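According to my numbering, the sequence shown is numbered sequentially starting from 68.
Errors might be hidden in some of the hints.
The calculated lysine to aspartate or glutamate pairs, modelled on EDC-like cross-linking and capped at a C-alpha distance of 16 Å, are [claimed, not checked]: (1) K771 / D815; (2) K363 / E351; (3) K855 / E884; (4) K460 / D493.
Cβ-Cβ distance ranges computed for the label pairs, FRET-style [to be verified]: (5) R870 / L670: 49 to 55 Å; (6) A523 / R102: 36 to 42 Å; (7) T390 / A477: 27 to 33 Å; (8) P715 / T390: 31 to 37 Å; (9) N352 / A315: 43 to 49 Å.
These aren't lab readings, by the way, just hints derived from the structure by calculation.
The structure displayed is predicted, hence computed values, not measured ones.
C-beta atoms are modelled at their ideal positions from N, C-alpha and C, and glycine is treated no differently.
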Amino acid sequence: PAPGAERDGVVRCALLRTHAEEIDWLGDSIAHLVRTGKAPGEIAVLCRTATDFAGIQAALVARDIPVEVVGLSGLLHLPEVADLVAVCEVLQDPGANAPLVRLLTGPRWRIGARDLALLGRRARLLVRPGHAAPDDPDRRLAEAVEGVDPAEVISLADALDTFLESPLDPGDASGADDGLPFSADARVRFARLAAELRELRRSLADPLMDVLHRVLAVTGLEVELSASPGALAARRRETLSNFLDVAASFAANDSGATLLAFLGFLRTAAQYEKGLDNALPGGENTVKVLTAHRSKGLEWDVVAVPGLVNGTFPSAQGREKWTAQAKVVPHALRGDRATLPDVDTWDAKGMKAFHEAMKDHQRTEELRLGYVTFTRPRSLLLGSGHWWGPTQKKPRGPSDFLQALYDHCAAGHGEIEAWAEAPAEDEENPALQEATADQAWPLPLDEASLARRRAAAQTVLAHLDRLTGEGAPETARSNEEAHPSAHADVPPADDPEWPPPPEDEEGLYEEGLYGEGLHEEGLYEEGLREEGLHDDDWESLATERPAVPHPAEHPDPAPAHVKLPAPRPDARPHPAAEGPPRAPSTSLTPEETRTLASWDRDLDALTGELLRAREAVRDVPVPPSLTASELMRLAADPDGYARDLARPMPRPPQPAARRGTRFHAWIESRFEELPLPMLAPEDLPGGAPDEAEIADERDLEALKEAFERTEYAHRAPHRVEVPFQFVIAGRVIRGRIDAVYKEGDGADATYEIVDWKTSRTRTADPLQLAVYRLAWAEQQGVPLESVKAAFLYVRSGETARPRNLPGRAELERLLLEGPAEALVDEPRDEPAPDGG
68 PAPGAERDGV VRCALLRTHA EEIDWLGDSI AHLVRTGKAP GEIAVLCRTA TDFAGIQAAL
128 VARDIPVEVV GLSGLLHLPE VADLVAVCEV LQDPGANAPL VRLLTGPRWR IGARDLALLG
188 RRARLLVRPG HAAPDDPDRR LAEAVEGVDP AEVISLADAL DTFLESPLDP GDASGADDGL
248 PFSADARVRF ARLAAELREL RRSLADPLMD VLHRVLAVTG LEVELSASPG ALAARRRETL
308 SNFLDVAASF AANDSGATLL AFLGFLRTAA QYEKGLDNAL PGGENTVKVL TAHRSKGLEW
368 DVVAVPGLVN GTFPSAQGRE KWTAQAKVVP HALRGDRATL PDVDTWDAKG MKAFHEAMKD
428 HQRTEELRLG YVTFTRPRSL LLGSGHWWGP TQKKPRGPSD FLQALYDHCA AGHGEIEAWA
488 EAPAEDEENP ALQEATADQA WPLPLDEASL ARRRAAAQTV LAHLDRLTGE GAPETARSNE
548 EAHPSAHADV PPADDPEWPP PPEDEEGLYE EGLYGEGLHE EGLYEEGLRE EGLHDDDWES
608 LATERPAVPH PAEHPDPAPA HVKLPAPRPD ARPHPAAEGP PRAPSTSLTP EETRTLASWD
668 RDLDALTGEL LRAREAVRDV PVPPSLTASE LMRLAADPDG YARDLARPMP RPPQPAARRG
728 TRFHAWIESR FEELPLPMLA PEDLPGGAPD EAEIADERDL EALKEAFERT EYAHRAPHRV
788 EVPFQFVIAG RVIRGRIDAV YKEGDGADAT YEIVDWKTSR TRTADPLQLA VYRLAWAEQQ
848 GVPLESVKAA FLYVRSGETA RPRNLPGRAE LERLLLEGPA EALVDEPRDE PAPDGG
């Protein structure tokens, strides 16, 4: 903290034994804050990387804390989105082995390490057959050029396809199988997955959103999330919906967007998240989880920073060097080359010095990122670390940042909630010692939901009894034998699932087959015994549809007027005739309560949308991020600005605005050698509508000559084209200052903000200078009174210095209350000094 500000806020730090304990401590701390009255929207979790996003989200959801993962790169690390993207990558690229391994080892297919290794061996055999003799010249020639042909890629997807072509019996005499000892379950699952991928590949040429929805439908991911209880499943459904919104936005920009282009967009977003993915946190009352890079310019009342361990934050990963990576732009060609180290001499000594300078530069960058991170909270900072990571063999320990927080708290300026001792030298990571437990999929139902499923199963069986007509008592008994899970007391954790329907479904409804052949002969039980399975061991059942034992020819359809045979007097009564089955309890489950609450929120939102559509005047929300020009537009013409937000229209090309940009670039190059950086169109200097009055090239040259006659042409600016970004009334205001002039040094230094105006009339809005003045004062940490601001009208050489510029309070009222209440007095210009 700054000197004298040690007690302005509270710091709490903790060093836990394991990574899992740290996540639990973080979740408990945030849950305690929410229970004691802190709004979730005032809390943020800032991470160095997005690796822990899924665990943090799960910990908060388990404690009933609303949470939001901010940004596309964060969504890509969540399991439900990662599974969808993995399927898409396998469809688009058969050589995408890593995504395919994720699918195979996931909760749906559950392929073990042994079968996975055998699949890899089969993939290698497809590329490099091993049946040739060791002294075969063709084989030796192939080994000599191995790895040269780019088509010789080991593809697990190609190995999967072999299970559709070769028999499932490893002992088949045809020799089509390579003899690898795959398990029977793995062979079935490999064949099912290969058939699924082959079916999905047929639709890759369809529109992007159709492809994504078809993947969700075929894989069953969306259905499983919709049917699964619990708050975490509900949050995952929202996460999947947010990802589909991103895909829809991408597809809207290009009507011909393909899956290949979208996957390239995702990879670019993950690699360059600070430049491509500029999403800001939403306005919902949720705990925000985002990376530290994305938090610049934002602030919350409480900020938690986990992962303060050695090698993570500050990061020990060095920046890529242009001397070793061809894709990295040399420092001499970059716009920020003045801040980057370079090679002085091309010898061993010079290269060593360059490498050391790069390490120092990386440490400085991490220190800057740490400063941004630890200055985001207004009142409370939570910092934590751990000794044992989730997969590391060596302990991590507290980083320099966490040690600094510990020293700060030990000095009496904060609280040390936990501080674990360093592990012994021979101690092993407890996370590696824990056995991996199988997770049930789908998630187990609660007792009420299980009772409803049982009642539905009984209803279906009774209806089938009515269809068979004859032998109802025997059918009832055989039903109880063949489907004991529908009648017996099954624990809630063992959720019985119906086997998949047979391919020849009509054959089951024939009286002889279903009523006598299947039930009386006990074919269903015999099939289970032949496979060595128990009738309640649903997880071990093969996922292939069972074939009908003795398929019969389909009879001609019966006439429409033929009635079904009536049930026998001693047959079981149809449950539907007695009324719907009653649930064992009338109280709502937590999942049902959350569902009803979500319906209420949806109804409120739809009602509000309907009322707004019927209103003569629409309320348009102000965006969470504004440029300085948009803020001035809001103050000068709020109705016009609202119309532009409600219905944005494309702007016509303005050659004069481009010449204004060139004028600003000329002034910058006159004082500095740095070229203009890459800017957004609304951030280009000189591109404002009020400056689009440069008629032609001759007029541009006249402006340059006029600038040479002003006083500022003979003064060296302190900074030119200074970007800024700060928060006013909860909204990010960003812009770019044309020039800053400094007078004096130290505490007596004063600054003057100057904005070049190329228009022919003095119509500049003083509000622009007020924003620039406040931004510079807060960015430099100097009093607002020591910063002046002026417009320089270049054509006439006049300088206008408005007085009574509004401060932060007035600007906040402008955003909260509107221009009429915020800015009552029109600021007046201060006379220009002589010669100005």
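Consistency of the hints with the structure:
{"no.": "1", "hint": "K771 / D815", "result": "33 Å, violated"}
{"no.": "2", "hint": "K363 / E351", "result": "19 Å, violated"}
{"no.": "3", "hint": "K855 / E884", "result": "26 Å, violated"}
{"no.": "4", "hint": "K460 / D493", "result": "11 Å, holds"}
{"no.": "5", "hint": "R870 / L670: 49 to 55 Å", "result": "53 Å, holds"}
{"no.": "6", "hint": "A523 / R102: 36 to 42 Å", "result": "39 Å, holds"}
{"no.": "7", "hint": "T390 / A477: 27 to 33 Å", "result": "43 Å, violated"}
{"no.": "8", "hint": "P715 / T390: 31 to 37 Å", "result": "46 Å, violated"}
{"no.": "9", "hint": "N352 / A315: 43 to 49 Å", "result": "25 Å, violated"}
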